[in-house]
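2 protein chains.
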Amino acid sequence: MSDSALACAAMSLRHALLGLLTVRPSTGYELTQRFSGSLAHAWYAGHSQIYPELARLAGDGLAEVVGEGPRGSRTYAVTLAGREELRHWVVEGEPTRTQRNETALRWFMLELLEGDDRRRAIERELANARAELVDLREAAERADALPEPSPFRPTLVLAERLTEVMCGWLQEQLETVPGRSDPG
Amino acid sequence: MSDSALACAAMSLRHALLGLLTVRPSTGYELTQRFSGSLAHAWYAGHSQIYPELARLAGDGLAEVVGEGPRGSRTYAVTLAGREELRHWVVEGEPTRTQRNETALRWFMLELLEGDDRRRAIERELANARAELVDLREAAERADALPEPSPFRPTLVLAERLTEVMCGWLQEQLETVPGRSDPG
DNA sequence: GCCATCATGTAATTAGTTACATGATTAG
DNA sequence: CTAATCATGTAACTAATTACATGATGGC
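Residue numbers (my numbering), protein chains in the order written: chain V, 1 to 184; chain Z, 1001 to 1184.
Don't read these hints as lab results, they were simulated from the structure.
Note that CB positions come from ideal geometry on N, CA and C, so glycine has one too.
There's no promise every hint is true.
[To be verified] Now the stretches of chain V that chain Z is said to cover, found in silico as 3 or more residues with beta-carbon under 8 Å:
no.	region
1	19-29
2	51-63
3	67-75
4	95-106
5	114-127
6	160-167
Sequences and hints are given; from them, build the entire structure.
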């Protein structure tokens, strides 16, 4: 028996990769881009983390190289064992649910500011959140224009709703700051 | 000139600690508990990370020991420099906004499942989210019963609203699974 | 006296970031 | 021919987790 089944720690990067590869076989380069796209709100990883993990995934028999492309690129696909590992993680795996969200942390700290600092900081966060909302809506449009819809389409809806709530909350927070009617 | 001002990387743990100490001076032990409480949705840290960072904070003049208690406990408070550092981080600091949220990742992967697996996984997530909502409401009640309100009270409202939206979304997801009328 | 909790640390490991390094292909 | 992008990797460092380790205090 291999010890791969014993690995019970979080290993979210591993499962994020298995998930992306389940949607469609990809090269490391493509995966890097996909981590910066739809998955960015859930988990981020850069290429220097992705390539070694792909190699480990292949070593553990959870993924395999299914083709080689133009610039020495290798396309990986998830194996049956990989699919089973992912399934097991989603339905059985006990979640650690540890969160690290710098934006949320900032919003906590917003409450410690007063006056002008507070107003400016909230305005900045609100601008960010609104830009985020625009991005999400564009992503949704792009997703709907695609010939075959992404399985992750519903999570875009969720992200949109959450961001709307955040914008509303920030707007309310802004209204609690004593007004400064004439800037400059 | 010291190089402390140059440290421009994220260092969110540092600023989370400065924030908590701004609310009230605390021991490392108390901070550990507070990270598992209100701040858990934004940033988590265990004691083995907190104690060394407190020492570094004191070394950099951003916090200081203001009292010693019964069991060799030391109470830290934020210094003026620490307050300024936190203010700077919130209003000026350019955010990395990297997120790592295992729950969100799981919800992405939910979309890759079908049938019974999918239904069970969504039910589990929904139960978790509802329990979370109950926790948040209890925390809100406790916060309101306090003699002086926590500055972080508004962020509890936000967390509650977000969790409500999540529960609604999971409920919708559950309804997309073809029904299985008789279990067992 | 014993157990729970308070209270603080360090060591070993794993995860994640930043910087370095290289080379192929394609569009202009 | 040259710049952008495709494509992959490694090295050095910092952050975070898990496990180990110790001891004080207070309630029973």
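Compare the structure with the hints numbered earlier in the document and write down the numbers of the violated ones, lowest to highest.
Numbers 2, 3, in rising order.
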